[in-house]
Amino acid sequence: MIGKILLSGVLISFLSMFVRKRYNYFRWILFSIYLLLTLYFLFLWRNSFYYNESYNFLSLYGLNFSLNFKITPLGWLFSFFTIFLTFLISIFSIQKNIGEDSEKLISFFWFYLIVSNIGIFFADDFLTLFIFWELMTFSSFFVISPGWIKSFRAVNYYFVLSTLGAFFMLLGIGFLYGGTKSFSIESGYTYLFTLFSINPLLSVFITITFILGFFTKSALIPFHIWPAQAHAEAPDDFSAFLSGIMIKYGLFGNLLFLVPLFLLIKNYPSTQIITNGIPLFSHILSWVGAITSVIATFLAIESNDMKKLAAWSTVANIGYATTSIFILSSYGIAGGIFQIITHAIFKTAIFLALAAVKYRTHEREMHKLGGLAYKMPVTFLTFLLGIIAAAGIPPMNGYASKWFIYQALLSGHFPFLTIAIFLSSTGAFMYLFRALHSIFLGQLPEKFDDVKEVPFLMQIPMYILMALMLLTGVFPGIILKPINSVLISFNLQPVKVTYNTMFSTLSSVDSLKVFLTFSGSFAFAFILYLIGKPRKHVEPLDNYTAGQDPKEFGLTRELYHFALKFYEPFEHMFDSYRTNTKEFYDSFERKVNEFGNFIKESYSKNIRYSSYIFIFALVLVILYGWLVW
Amino acid sequence: MNYNLPVLLIAIPILFSFLSLILGSFNKILSKIILISVIIFNIISGICIYNSVLKNGNILTVIGNYLPPFGINLISTYTSISFLILLYIVFLVASLIFVSKNDDRADKISSVLLLYLASSTGILLTGDIFNLFVFIEIFSISNIILISIKDKKLSIKGSLKYLIITSIGASLYLFGIGFLYGILGTLNLSEISLNFDNISYFSKVFIFLFFLGSIMAELEVFPFNFWISDSYAGSKNYVNILLSGLSSIVALYIFIRLFLTVFGYPTFISFSYSLPFNVKTLFLTIFGLSVIVNELAALSSKNVKRILGFSSASSLSLILLSLSTGLKNGVMAAMLIAISVIISKPLLFLSSHQIMKGKGEKNLNSFIDGFRRNPLFSILFIIGVFTLVGFPLTPSFWGKFLLFISATEKISYTTLILVIVVFSITIELFYYFRLMHKLFIKDENIKVEKTKNNFVYIFSGILLASIIIFFSVKPYFTQNIVEKTTEDIFDKSGYIKSCLKSGEIDDR
Amino acid sequence: MRESDFNVGKFFAFLFVLILFLFMLSPLFEEGDGAKIDKNLSDIKNRVSYFHSLKSVKEIERILSDNNDFSKYREITDSAKTVIFGESKDLENGTANLVTSIVLDYRGFDTLGELIVLFISILGLTIILSTLSFAKFEEPSFLQITGVKFVTPFMILVGIYIFLHGHLSPGGGFPAGAIIATATLFSLIGCKFNYRVSNLKFIESNAGFFVILLATLGLYFTGSFFGNYLPTGIVGKLYSSSLILIIYSLVGLKVGAELSVGIKTLYNGEKDDDR
Amino acid sequence: MMIDNRTLYIYSFIIFLIGIYGAITNRNLIKILVSLSIIETALNIFLVSTGYINGSNPPILHSGMKLISPNSINISDPLPHALVLTAIVIGVGTTAIGIGLTIKLYNHYKTLNVNRMGDKDEL
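Protein chains in written order, with the numbering used here: chain X, 1 to 629; chain E, 1 to 508; chain L, 1 to 275; chain U, 1 to 123.
It cannot be assumed that every hint is accurate.
Here are the simulated DSSO-like pairs of lysine-lysine, each with C-alpha atoms no more than 30 Å apart in a straight line [claimed, not checked]: (1) X/K582 x E/K442; (2) L/K36 x E/K497; (3) E/K447 x X/K358; (4) X/K181 x E/K484.
Calculated directly from the structure, the hints in this document are not laboratory data. Computed from a predicted model, the values in this text were never measured in an experiment.
Go ahead and model the full structure; you've got the sequences and the hints to work with.
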């Protein structure tokens with residue numbers, strides 16, 4: 001059945017190519033229907049774990065080439081929420097593509113992304129995983145930059161890092177194949193575990209190849225620069241997919257391969273240095289996650305582009321999840337997965353809200369916006385709830401997942417990691433508040449006077465996402481119960497949870513009570529708002545320039561927008577500590593290009609040179625053959 | 001048995017090359033007609049020979065009525081004849097493109113092309129080491145002429161480089177022949193391969209290394225290939241096709257014959273060498289370095305022709321790398337990659353030429369908006385890229401997969417192959433995707449006009465693409481061919497037997 | 001800077017050459033098992049050319065075809081015929097010059113390749129230089145004119161003699177062609193004898209055509225390419241080994257015409273002649 | 001005079017290496033081509049000397065000469081001569097093409113110095 005779903009995806013994608021350009025939205029309707037059907041089947045499989053499918057296509061050259069799928073609890077969980085969220089995005093996209101002269105190829109390649117999504121999450125061996133992984137990379141390459149010169153540079157970063165990651169992953173798979181003569185994931189990590197005591201250097205190398213492969217995809221340090229480029233330049237609705245879903249593939253890979261490996265090592269500690277109950281390797285990776293989240297937070301604070309800001313926020317959230325997962329306790333892993341899912345939900349909501357803003361205003365720079373809350377109330381509310389969730393404020397789902405992460409870190413006695421996470425979590429307030437205020441609150445520029453709320457079809461996914469954020473925040477058990485079955489599949493203790501109460505070793509929290517408290521205080525504040533003095537509308541120029549006409553000084557209204565250079569003093573504080581990673585990559589690229597140019601130029605140097613090199617090489621070869629035996 | 005059709009494959013083009021010059025002085029069209037009809041004759045008789053090789057095994061053709069090792073002989077093995085058919089297809093495409101263009105030197109160039117055809121056929125069929133040398137010389141001289149047809153500084157410099165390097169290489173080759181003849185008293189490949197092991201220590205090293213050095217220039221391997229950059233960038237389109245497709249086949253076949261059949265020792269699953277030093281490590285170093293360097297050069301190039309040229313050099317090195325693993329899987333991988341490279345490289349040259357048509361500079365940016373200008377050839381270009389890079393189900397996918405697997409066989413020097421292969425795939429992916437991406441970029445400022453494609457280009461592009469697709473959708477057919485070829489390459493005693501009637505080599 | 005660079009290059013070139021020299025000497029001075037290149041070659045019995053020079057390849061083939069093992073030819077040494085100048089007749093080929101017998105009979109295919117190399121390089125020369133035309137030489141002096149007029153016919157005659165006697169005496173088609181081409185060069189320089197390239201090309205291609213045709217006719221008469229189907233006659237007579245005689249004559253004509261074309265092309269380009 | 005083949009081989013090697021040295025250090029294109037010719041000459045000497053037998057006759061029958069098998073064969077090996085003939089002609093062809101290309105390059109650059117023939121604008 002999995003194979004049929006994948007095949008039908010491919011077929012429908014080709015079918016959608018025949019839709020004429022005028023009826024572009026019809027392609028998106030097809031896409032939504034496909035997603036809905038897939039979702040239905042996924043829902044049917046919610047209890048049929050460890051069902052596997054194998055497609056033996058060809059047996060060539062003494063090899064059985066087959067695609068193997070298995071429904072694991074982890075894969076099912078990931079695929080279910082990714083498909084669900086993609087379905088919501090696709091509804092948004094239908095309306096977005098109605099009038100617009102949009103690209104044929106976006107929806108075409110998005111089909112392949114969904115196909116590869118299902119393939120990755122249900123892959124039972126490395127070969128299947130890798131094939132769908134590559135399919136995902138290639139098709140996303142064409143979606144991020146569907147024929148715009150501007151996004152070319154951004155997609156270059158993305159593509160180089162992705163192919164580099166895939167290169168390392170393929171290398172690791174090759175080494176494992178050499179050892180086990182099979183592509184099975186399970187035998188891969190058990191072999192690698194035994195190799196740790198036989199040949200530590202090689203095994204560390206293989207592990208590092210996998211880490212690089214997965215970490216490039218999930219944009220952890222030092223690969224953290226591509227989301228800010230790619231998410232910002234991609235089509236708006238696709239940014240939601242990129243940020244909410246695609247960035248999770250790397251984390252899924254970690255959970256699929258590295259976590260079982262480290263759990264094995266943790267249970268047989270004779271093979272590895274253990275610190276604080278977890279292997280050193282894993283500990284380092286947690287720190288990588290924490291550092292990523294801190295750095296990404298600072299970068300988010302600096303950025304003025306709203307999509308870039310949200311992208312950096314994504315990187316920070318991935319950092320929390322990574323930190324938590326590599327704690328390797330059952331609370332840590334549960335918190336990590338929970339964080340992944342909640343982040344997917346609220347980041348989709350935020351990006352859809354931003355896409356709605358851009359749909360109406362065609363602006364991305366925050367200081368050109370402002371005061372849209374009255375014009376676009378639903379979008380505003382979505383964004384508001386989204387950032388509340390992102391900041392981890394109680395009634396929303398972000399609170400629940402962050403609570404889990406803190407509990408896991410504290411109960412595992414990692415005070416410094418906790419501080420790092422707390423730091424970046426606090427930083428999240430700074431940039432999220434700024435985004436909210438500068439886009440939706442404050443003064444409305446004159447040119448946006450006739451901006452309307454987005455059409456109803458676009459509002460539907462926003463309503464659903466709002467409800468989802470609230471629901472999973474109040475009843476975290478909805479998500480934590482499936483996570484428990486994932487933990488069982490890892491041979492870990494399931495976390496203790498009811499629908500509305502979360503327990504940890506240190507404390508417990510009843511989120512329903514928290515919700516009621518918060519809504520009560522909100523109602524109180526709202527009443528105060530209603531009975532207070534009516535507000536007075538002041539033009540910004542009145543406020544700042546005391547009524548003078550600023551045009552005489554070449555000043556515009558935008559320069560007085562308070563979102564411009566909002567955190568400038570804060571940025572100055574960190575100026576001396578800044579290391580520009582982008583600069584590093586650029587210089588690396590320059591070095592590679594210089595080397596290539598050196599080779600290329602030496603190729604077309606003069607004629608004598610070529611024969612000189614010929615003889616030189618001949619002499620080298622002769623010296624090898626003659627003297628080295 | 002004496003089966004004389006193979007010699008006609010060489011004799012007829014030579015005969016008609018003279019005739020084309022005679023008749024071409026009356027009318028240039030006659031020589032074009034002669035060119036095309038000779039190729040069609042060669043294809044048809046090639047298929048006849050293929051069938052009889054399938055039926056009867058290797059075919060020995062005796063020349064001058066003197067049996068080997070006394071006279072010169074041609075041996076048509078499965079490998080050579082299947083390579084030959086591939087070669088003829090590429091040649092047909094190139095000559096069709098040549099014919100479609102107006103050139104006032106058409107009679108002379110078609111004569112050169114016919115001799116090129118004859119010489120490459122001769123290289124693939126001959127069973128005599130000196131005869132091989134003569135054909136290689138004809139081949140390289142015609143290469144030089146074809147490169148320098150375009151009257152540009154770049155092409156003439158390239159061909160002069162090629163000339164100097166190949167003539168030094170030829171001198172090395174002749175020294176090798178002198179030594180072989182002085183020691184063994186024979187020039188027949190089968191007899192040399194039968195007795196090569198009896199040669200003394202240093203002489204063996206000498207002969208091996210000199211032969212290696214001499215054919216390195218043809219093989220487009222890194223420290224010896226300084227001619228390719230200028231030659232590819234500065235020559236005409238059909239010459240590019242010939243250089244990338246045909247030269248690769250020929251070089252590959254020379255390598256197989258000399259270094260696997262004559263100097264190598266096949267056992268059931270691998271080749272070994274009775275030389276004092278580790279030949280495989282030497283090959284690995286040279287070819288691996290060549291793959292990496294050429295890929296990097298292609299990555300940093302801006303001229304599309306140069307990119308494709310470097311890329312074809314690197315894929316040839318990759319083929320040689322997988323051949324020189326000497327494993328059965330490696331040889332099969334080499335054959336698979338060879339099939340896809342030989343067909344897809346001409347396709348890439350052809351379609352990139354059509355996409356860039358009308359643009360003054362041939363750099364990367366001339367690909368912008370290519371899809372709207374020329375949808376057909378953009379699609380053909382994409383097919384070519386997918387085939388080259390190793391998209392699933394194309395032959396090169398299977399080839400790279402097999403190479404990948406054979407490289408992991410044991411953790412030793414072969415694992416280095418793994419790194420090289422994966423590295424090359426990554427870089428190749430990157431620069432080809434960059435090109436493909438440019439095809440879809442829309443330049444809003446420029447109004448797009450659809451390019452008119454010549455019928456010949458459409459025909460040959462679709463021919464090549466359909467061959468690729470045929471090989472991809474019929475994997476069992478491809479497997480059959482590749483396995484037979486590999487068996488044939490490993491069957492050294494069969495080669496000797498077909499020539500000398502009995503050849504016992506001690507299978508180690 | 002460039003000068004010092006050059007010296008370093010020279011030093012390394014010298015080093016390379018030294019290493020190459022030592023390497024090339026190594027097989028000559030080695031001791032140990034295995035066949036080596038002879039210091040004093042005295043025995044050519046284990047070479048294929050032994051049977052070539054005794055014109056007894058067919059005899060050996062007949063003997064070997066009984067046990068069907070052609071790699072054992074070295075063990076048979078006493079079955080070869082005796083060849084006597086002026087007496088032996090109807091041998092495999094009737095040339096007195098053994099080199100010619102190898103060049104045109106036993107390894108005739110190589111010679112075909114050789115012809116093509118020359119042909120294609122001159123053709124290439126005309127293709128490469130077709131867009132050029134360069135300055136003429138100086139006016140010939142009186143001495144040149146007279147000398148050339150006197151010597152050229154003799155040179156052509158000598159050339160013709162040499163290719164006709166290629167199977168009897170040293171020389172043959174290639175040297176003869178070179179001599180004829182020298183004669184045309186003389187006439188070009190000396191008395192500005194402006195022959196047309198296209199005529200020479202006609203001769204050249206026709207000669208090549210007939211060489212291949214004669215060789216291909218062997219397929220019909222003997223069942224093998226380059227097979228000799230004409231009577232071979234008595235060793236040492238002019239009309240012996242008839243096919244070799246004809247082919248060598250054609251080769252002489254062809255090479256002479258070819259080299260003349262090359263000279264003319266290099267002399268004043270090819271372009272102005274085609275008009 | 002008795003010369004053994006090894007001496008001939010060494011002579012030919014020396015000439016060959018002189019040619020190689022010339023080909024890789026010279027800056028003048030014509031000189032490079034001359035060096036290539038020197039290499040070819042060396043090769044011809046080497047090939048001929050592989051067939052040379054001390055005190056033997058040239059392989060041409062003349063009046064009164066007999067070739068009797070098996071032991072009294074007293075001519076040098078004719079096959080290397082044939083090879084040399086082919087090699088000479090191939091050398092001529094290569095040189096002719098080389099000269100043609102040199103003329104062409106001279107026409108483009110107005111110099112024969114290869115160091116002045118590299119221009120980066122064509123990259």
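These are the hints, each one checked on the structure:
1. X/K582 x E/K442: holds (27 Å)
2. L/K36 x E/K497: holds (26 Å)
3. E/K447 x X/K358: At roughly 29 Å apart (the allowed maximum being 30 Å), X/K358 and E/K447 satisfy the hint.
4. X/K181 x E/K484: Distance ~26 Å between X/K181 and E/K484 Cα, so the pair holds.
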